[in-house]
Structure formats: structure tokens, C-alpha cells
Amino acid sequence: MSAVTSSAPKPLLSPALMATLKVLGIFGAIAIAIVVLVQSGAMPKGSIGHKVLAAPFIDMWDLPDLLVQTLWEGLVAGVLYALIALGFVLIFKASGVFNFAQGIMVVFSALTLVGSYEIMTQRMGLPPGTVVAILALIIAIATMFVLAWLVERIVLRPLVNQNEIIMLMATVGLTYFLIGFGEYIFGGNPKVMITAQLGLPVGQTQFNILGGRVNIQHLDVAAAVIASVMIAGLAFFFQYTRIGRALRAVADSHKAALSVGISLNQIWVIVWFTAGVVALVTGIMWGARSDVSFALEIIALKALPVLILGGFTSVPGAIVGGLIIGIGEKMGEGYWGPLFGGGIETWLAYVIALGFLLFRPQGLFGEKIIERI
Amino acid sequence: MLHVSPNTATTGIAKGEVLLSVENVSLRFGGVKAISDVSFDILKGEVRAIIGPNGAGKTSMLNCINGFYFPQEGHITYKGVRRQKVRPHEAASSGIARTFQNVALFKGMTTLDNIMTGRTLKMNVGLFWQLLRHGPAMREEIEHRRKVEDIIDFLEIQAIRKIPVGKLPYGLQKRVELGRALAMEPELLLLDEPMAGMNLEEKEDMCRFILDVNQTFGTTIALIEHDMGVVMDLSDRVVVLEYGRKIADGTPDVVKADQKVIDAYLGVAH
Ligand SMILES: Nc1ncnc2c1ncn2[C@@H]1O[C@H](COP(=O)(O)OP(=O)(O)O)[C@@H](O)[C@H]1O
Ligand SMILES: [Mg+2]
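Line by line, the protein sequences give chains A and B. -9 is the number of the first residue of the first sequence in this note's numbering; add one for each residue after it. 2 is the number of the first residue of the second sequence in this note's numbering; add one for each residue after it.
It should be emphasised that the hints constitute simulated quantities derived from the structure, not laboratory data. Warning: the hint list may mix true and false statements.
[What the hints assert, rightly or not] To list a few chain A residues with every Cβ distance to chain B over 10 Å, as calculated:
{"no.": "1", "residue": "Pro5"}
{"no.": "2", "residue": "Met50"}
{"no.": "3", "residue": "Tyr174"}
{"no.": "4", "residue": "Ile175"}
{"no.": "5", "residue": "Ile221"}
{"no.": "6", "residue": "Ala246"}
{"no.": "7", "residue": "Val250"}
{"no.": "8", "residue": "Ile252"}
{"no.": "9", "residue": "Phe284"}
{"no.": "10", "residue": "Ile288"}
{"no.": "11", "residue": "Glu335"}
[As the list claims (entries may be wrong)] Each computed BS3-like pair below joins lysine-lysine, with the alpha-carbon atoms no more than 27 Å apart:
{"no.": "12", "chain 1": "B", "residue 1": "Lys257", "chain 2": "B", "residue 2": "Lys204"}
{"no.": "13", "chain 1": "B", "residue 1": "Lys123", "chain 2": "A", "residue 2": "Lys245"}
{"no.": "14", "chain 1": "B", "residue 1": "Lys163", "chain 2": "B", "residue 2": "Lys148"}
{"no.": "15", "chain 1": "B", "residue 1": "Lys204", "chain 2": "B", "residue 2": "Lys45"}
{"no.": "16", "chain 1": "B", "residue 1": "Lys80", "chain 2": "B", "residue 2": "Lys16"}
{"no.": "17", "chain 1": "B", "residue 1": "Lys108", "chain 2": "B", "residue 2": "Lys163"}
{"no.": "18", "chain 1": "B", "residue 1": "Lys34", "chain 2": "B", "residue 2": "Lys86"}
{"no.": "19", "chain 1": "B", "residue 1": "Lys204", "chain 2": "B", "residue 2": "Lys163"}
{"no.": "20", "chain 1": "B", "residue 1": "Lys204", "chain 2": "B", "residue 2": "Lys148"}
{"no.": "21", "chain 1": "B", "residue 1": "Lys123", "chain 2": "B", "residue 2": "Lys86"}
{"no.": "22", "chain 1": "B", "residue 1": "Lys34", "chain 2": "A", "residue 2": "Lys245"}
{"no.": "23", "chain 1": "B", "residue 1": "Lys257", "chain 2": "B", "residue 2": "Lys34"}
{"no.": "24", "chain 1": "A", "residue 1": "Lys83", "chain 2": "B", "residue 2": "Lys163"}
{"no.": "25", "chain 1": "B", "residue 1": "Lys168", "chain 2": "B", "residue 2": "Lys148"}
{"no.": "26", "chain 1": "A", "residue 1": "Lys245", "chain 2": "B", "residue 2": "Lys80"}
{"no.": "27", "chain 1": "B", "residue 1": "Lys108", "chain 2": "B", "residue 2": "Lys257"}
{"no.": "28", "chain 1": "A", "residue 1": "Lys83", "chain 2": "B", "residue 2": "Lys108"}
{"no.": "29", "chain 1": "B", "residue 1": "Lys16", "chain 2": "B", "residue 2": "Lys148"}
{"no.": "30", "chain 1": "B", "residue 1": "Lys261", "chain 2": "B", "residue 2": "Lys34"}
{"no.": "31", "chain 1": "B", "residue 1": "Lys80", "chain 2": "B", "residue 2": "Lys148"}
{"no.": "32", "chain 1": "B", "residue 1": "Lys168", "chain 2": "A", "residue 2": "Lys83"}
{"no.": "33", "chain 1": "B", "residue 1": "Lys108", "chain 2": "B", "residue 2": "Lys123"}
{"no.": "34", "chain 1": "B", "residue 1": "Lys86", "chain 2": "B", "residue 2": "Lys45"}
{"no.": "35", "chain 1": "B", "residue 1": "Lys204", "chain 2": "A", "residue 2": "Lys245"}
{"no.": "36", "chain 1": "B", "residue 1": "Lys148", "chain 2": "B", "residue 2": "Lys45"}
{"no.": "37", "chain 1": "B", "residue 1": "Lys204", "chain 2": "B", "residue 2": "Lys108"}
{"no.": "38", "chain 1": "B", "residue 1": "Lys257", "chain 2": "A", "residue 2": "Lys245"}
{"no.": "39", "chain 1": "B", "residue 1": "Lys123", "chain 2": "B", "residue 2": "Lys80"}
{"no.": "40", "chain 1": "B", "residue 1": "Lys148", "chain 2": "A", "residue 2": "Lys245"}
None of the values given here were measured: they were computed from a predicted structure. In this text, a Cβ means the ideal position worked out from N, Cα and C, and glycines have one as well.
Model the full structure from these sequences, guided by the hints.
So this is what it looks like as C-alpha cells:
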């Protein structure tokens, strides 16, 4: 009779925590070095070194309310980046497809929502308001389902087992199809998100704290809450339900999943639909802060540094990566942006991601890959 | 003891009748002939060994049976239904379960969850209830969980229930994989080298589990195995493949004495 015993002892600190401590230690050392340089007079005020290395931190210290404001805005942006990356990771894990169209799905779903609201209220004469907005939401969700089903039928099923690059090209094709189709149906003009009609809070609240004022948009609070609930809900679904288990199974091994009778086709539809709904939520939140138009697709470019940082297959990676990029970007823009004369937000996310990769080439949550030779 | 029983009553195939028959099957990969015109059958309730040197086409044969590969020629008849093409999903739902030569588990998932996936086809509460994780979905989850716990007890792997299988030693992974296949309550169980890479004690355990499954529940087993001692002990009949062709078929004693088989295993030139 064989006695089965438990696995190897756990290391005291998880590798991710160790890496974080390492990074913090390095930053701490740099901070001390800067203080020493400034105090000793080696880096006088107005010098380039002082402007880059000291002045921004002094500003943070002197105006804590502004710092809180910046951090909050970074957090909200980060949550939305995390959502885009999450949709991407879901699809990549379950079907191995690098979904170039994820960003466009955000725009397309938001456009379907606003566009169908417009059609119903303006052309069909229905009364504007919450009821029609909810109807439009249902139409948008249904559209994302049909899209998922069509993608499975027309793209994934015929191309299964093809080279990854072919799958990637197929999603590039999907991107241009969605742009063309969206503009054909709903027109190319930017539209206004139906924020209030959907029952989302508008307006803002000011807090007098830290000797200053912090402005909080109600919509941003709603975005953060809805995103968190959604992520928690997905995590729960994956962990504890049959279909969630099947999804994880497919992500781990296609052939084993097939052998127990899991239908890949069904799982792919579910995954693409889930990614579509995540895209819709992102689109609503993002569209509410600007307009809904295909110009929004640039936010998809923000998903890439998040993925570089978090790893293409890690859900926690997508979330933490999104927050790091969101906060890092807003901080960089606010405190260092003026030094570069603006425009910093277009590339800063990539620099942050690359900076992290210097310390953890395998990404935040990735396992170290040791090539077998 | 295991309270899982395959639904033998529903199939209408009695012990000793033909459960599956392979008829003139040929399989090619480009220029490589993996299987050439092979025929044999598997009787309900028996342990049927498939042996042969590496590259003989044994794994390919299992892959044809459970729908991973589609043979270019020939047919496979299962439970009286002759099919040109069977998909893995259909094979699984008609009662065929399998394990893999190089363990194919869901590495990030626990032992419990891995075996639970074997219940996939037996669970059918809709997505809606699952999202709520309430009512019928909860009842279903509990009911199947009980079956899975029985299998875990049977395989003596209680201690590793909550451990992600990627962290387990190879021998235990093979056992979990058997557990996942058993959770399907299969009528035909395909085992691809279930004892490869195991030490003597693990091999003995595995032999015992296989015999138990066969004798207690009447599950029909097709077994690929290299260890001749094991094959002779476990199997009722043996089919021998070499270079994709069938060179012998019969009881272990007959096959063991066959000159072609002896030559194949000793690597005599021909
Ligand atoms: N997917 C595949 N693609 C190409 N050739 C394959 C594939 N699967 C098996 N083969 C070939 O078929 C032959 C039989 O392989 P296999 O069935 O794995 O043999 P065995 O399990 O008896 O060792 C080998 O020559 C192998 O290279
Ligand atoms: Mg093999």
C-alpha cells in the first residue's frame, strides 16, 4: 500500500513578493542617493538633475492633495486598462489566439449600444430614457454573443490547428471588418455615451483633505466598483462552476479537455462572448469620459504594455499590470510630463513595461522559463 | 470501495460480445504509414492489450478509437454502430475514456478539480444557474463531488486532493489521470502506457487498480504496455503491432510463443 504525502515545503516568500521587495529596495536606495545629492549641494535647484530627480518628489510632498488626485485618476485608468487586458488574456488562454481585435471590440460594442439607442429614439420614435437605454444594452450584449458565435464558426473552427500567425492575421481581418461594419451601420461620427440614461452617476464630489481639494467624478467611482465586481465575479465563476472548470481545462490542455468530452467549440463561444461583455463594460466607462468613436481604438494600444508586464496568460497579471501602467502613466504625465513638453502619455506605458522587464523578464506573474537543451 | 458504476445495462451488449471492432483501418501522415490495414476486436468486459515496439502505431490506434485521428481507410464499429468519422466529443459521450502516454492533465488545477472535469458530460445544469451558483447547480455540484470523492478514496489519493497536479510526482500524476478517466464512468477505458516511468511499488498499485476496475465494474479496458510481465498478468487477449501492421493476435500464451513476435521484440532483421 502506498502512502501519498504532500508536496515540497513552501518557500518563505513567494517569488513575486521577493521581486517586489527587490524593486522597492532599489528604489529606496535611489531615493536616499537623491536626498544626499540635494542636501550636499551637488545637485543645485534648477539643474537638470534636480528637475528630473528631485523637484517632482518635492512637489508631491508639498501638494499632497494633487498627489492623491493623480493617484486616483491613475487608478481609474488602470482599472480600465486591466479590463481590456483581461478580455485579451481570456481569449489567449482558451484558444491560443492573439486577439488583435480586442481594442476594436471595445469600440464596436460601445458603438452598438449608443447607435441602437440613437436609432430607437430618433428613427423609431421611442421615448428617450432608461427603458430604451436598457433595451439598447440588451441589444449590445446580444450582438457580442452573435459576434462570438460567428467568430467561432467562421474563424476559429476552420482555422483550428493552424499556425498562430494565421490566427493573428484572422483577428487583424476581424478588426477591419468591425470598423467597416460599425461605420456602415452606425455612421462614422463620434457619438455621446448614454451615461445618465443607463443609470450611471454623473457629477462629482469635492473633498477637502490634506489642506487642499480632491475632485472625485462619480462615474469614476462607478467604473472602479463595476470593474472590481466584474473581475471578482469572473474569478468566482472560473473557480467554482462546471463551465469555469472547463474553461481552465481548455486553457491547460486541449487534448485532455477533448478526451473528457469538453466541447472546444462551446468553450470558444463562451470565452469570446465573455471577452465581448468585458469589452462592452470597458467601452461604456471609457466612452463616458470622451466620445464613442473609432478614435478610441488607441486605448487598445495601452493593453499591449499591460500584457508585456503581466504576461499573456495571467489574469492577476492583467489586473496588477493594468494598475501599474495606469498609475505610472498619470504620475509620469503629471510630474515629469512638462519636462518633455507633453506627449509623454503616448510612449510612457511602454517605457514602464520595459523598465519592469529589466527586473523580471518573465513578466510579473510568469514562471521563469529555463530552456531545455 | 468505489460506488461508481458504468451504465452497463443501457448498452445492450452482454459480457463477451464484441464491444468495438476495428476493420481494415489504415492511417497515413503524409508519406508515413502509421497504421496499415489493421483489424481486431475488443470484447465487452475483457482487458485487451496492444503491444509492439516503439513507433508501431499503438498510440495512433487509440487516437483513431477516441476520435483524435480519422483513419483514411477502414471503419471502427462501436456498440454496433459503424462510423467513418467519430469526434472526440462523441467518443467521450458514448462512453470511451482514456489516459495519455505523456500524462495530459490540467496542470494548474487541483487533483479534485482535474477529476471533476471527468464529470463534465454527466452535468447538465445550464449556464444561468451556474452563474448564480445556486439551486440546481449547487445540488448537481455536490452530487458529483461525492462520486469524485469515492474515486479519490479508491485510488488512495486523499492526501493530494487540493494540490495542483503540476506539482505532483509523475507516478501520482498518472494516477490522477486514471481517476479523471474513471470519473467518466466509461464503458471502454483506453490506457496508453499507464505504468511507464513508474517504480515497482507504483506499478503494483496501478495493476491492482486496473484489475479492480475491470473486475468490479466490468469496465472493458484496452491497454498499451511495454512491461511484458504486466501484459501477461493483466490481459485476456493481446494484439501485436509492428510497423503499423498487425503481426499477431491471441491469448498471452499464444502470442508469447509466436515467432514473429519474438523476432519483432528481439529486433531480428526481416
Ligand atoms: N500527429 C502525427 N503526425 C505525424 N506522424 C505521426 C503522428 N502521430 C504519430 N505519427 C507517426 O506514426 C507512427 C506511429 O506512432 P505511434 O502511434 O505514436 O507509435 P507507438 O505508440 O506504437 O509508439 C510513428 O512513425 C509516428 O512518427
Ligand atoms: Mg505510443
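Hints and how they fare:
{"no.": "1", "hint": "Pro5", "verdict": "holds, 14 Å"}
{"no.": "2", "hint": "Met50", "verdict": "holds, 40 Å"}
{"no.": "3", "hint": "Tyr174", "verdict": "holds, 32 Å"}
{"no.": "4", "hint": "Ile175", "verdict": "holds, 28 Å"}
{"no.": "5", "hint": "Ile221", "verdict": "holds, 15 Å"}
{"no.": "6", "hint": "Ala246", "verdict": "violated, 4 Å"}
{"no.": "7", "hint": "Val250", "verdict": "violated, 5 Å"}
{"no.": "8", "hint": "Ile252", "verdict": "violated, 5 Å"}
{"no.": "9", "hint": "Phe284", "verdict": "holds, 32 Å"}
{"no.": "10", "hint": "Ile288", "verdict": "holds, 33 Å"}
{"no.": "11", "hint": "Glu335", "verdict": "holds, 36 Å"}
{"no.": "12", "hint": "B:Lys257 / B:Lys204", "verdict": "holds, 21 Å"}
{"no.": "13", "hint": "B:Lys123 / A:Lys245", "verdict": "holds, 19 Å"}
{"no.": "14", "hint": "B:Lys163 / B:Lys148", "verdict": "holds, 16 Å"}
{"no.": "15", "hint": "B:Lys204 / B:Lys45", "verdict": "holds, 25 Å"}
{"no.": "16", "hint": "B:Lys80 / B:Lys16", "verdict": "holds, 12 Å"}
{"no.": "17", "hint": "B:Lys108 / B:Lys163", "verdict": "holds, 12 Å"}
{"no.": "18", "hint": "B:Lys34 / B:Lys86", "verdict": "holds, 19 Å"}
{"no.": "19", "hint": "B:Lys204 / B:Lys163", "verdict": "holds, 24 Å"}
{"no.": "20", "hint": "B:Lys204 / B:Lys148", "verdict": "holds, 25 Å"}
{"no.": "21", "hint": "B:Lys123 / B:Lys86", "verdict": "holds, 23 Å"}
{"no.": "22", "hint": "B:Lys34 / A:Lys245", "verdict": "holds, 22 Å"}
{"no.": "23", "hint": "B:Lys257 / B:Lys34", "verdict": "holds, 26 Å"}
{"no.": "24", "hint": "A:Lys83 / B:Lys163", "verdict": "holds, 23 Å"}
{"no.": "25", "hint": "B:Lys168 / B:Lys148", "verdict": "holds, 24 Å"}
{"no.": "26", "hint": "A:Lys245 / B:Lys80", "verdict": "holds, 24 Å"}
{"no.": "27", "hint": "B:Lys108 / B:Lys257", "verdict": "violated, 39 Å"}
{"no.": "28", "hint": "A:Lys83 / B:Lys108", "verdict": "holds, 14 Å"}
{"no.": "29", "hint": "B:Lys16 / B:Lys148", "verdict": "holds, 25 Å"}
{"no.": "30", "hint": "B:Lys261 / B:Lys34", "verdict": "holds, 20 Å"}
{"no.": "31", "hint": "B:Lys80 / B:Lys148", "verdict": "holds, 26 Å"}
{"no.": "32", "hint": "B:Lys168 / A:Lys83", "verdict": "holds, 20 Å"}
{"no.": "33", "hint": "B:Lys108 / B:Lys123", "verdict": "holds, 23 Å"}
{"no.": "34", "hint": "B:Lys86 / B:Lys45", "verdict": "holds, 22 Å"}
{"no.": "35", "hint": "B:Lys204 / A:Lys245", "verdict": "holds, 25 Å"}
{"no.": "36", "hint": "B:Lys148 / B:Lys45", "verdict": "holds, 24 Å"}
{"no.": "37", "hint": "B:Lys204 / B:Lys108", "verdict": "holds, 22 Å"}
{"no.": "38", "hint": "B:Lys257 / A:Lys245", "verdict": "violated, 34 Å"}
{"no.": "39", "hint": "B:Lys123 / B:Lys80", "verdict": "holds, 20 Å"}
{"no.": "40", "hint": "B:Lys148 / A:Lys245", "verdict": "holds, 24 Å"}
When the structure is compared with the earlier hints, violations turn up for hints 6, 7, 8, 27, 38 and for no others.
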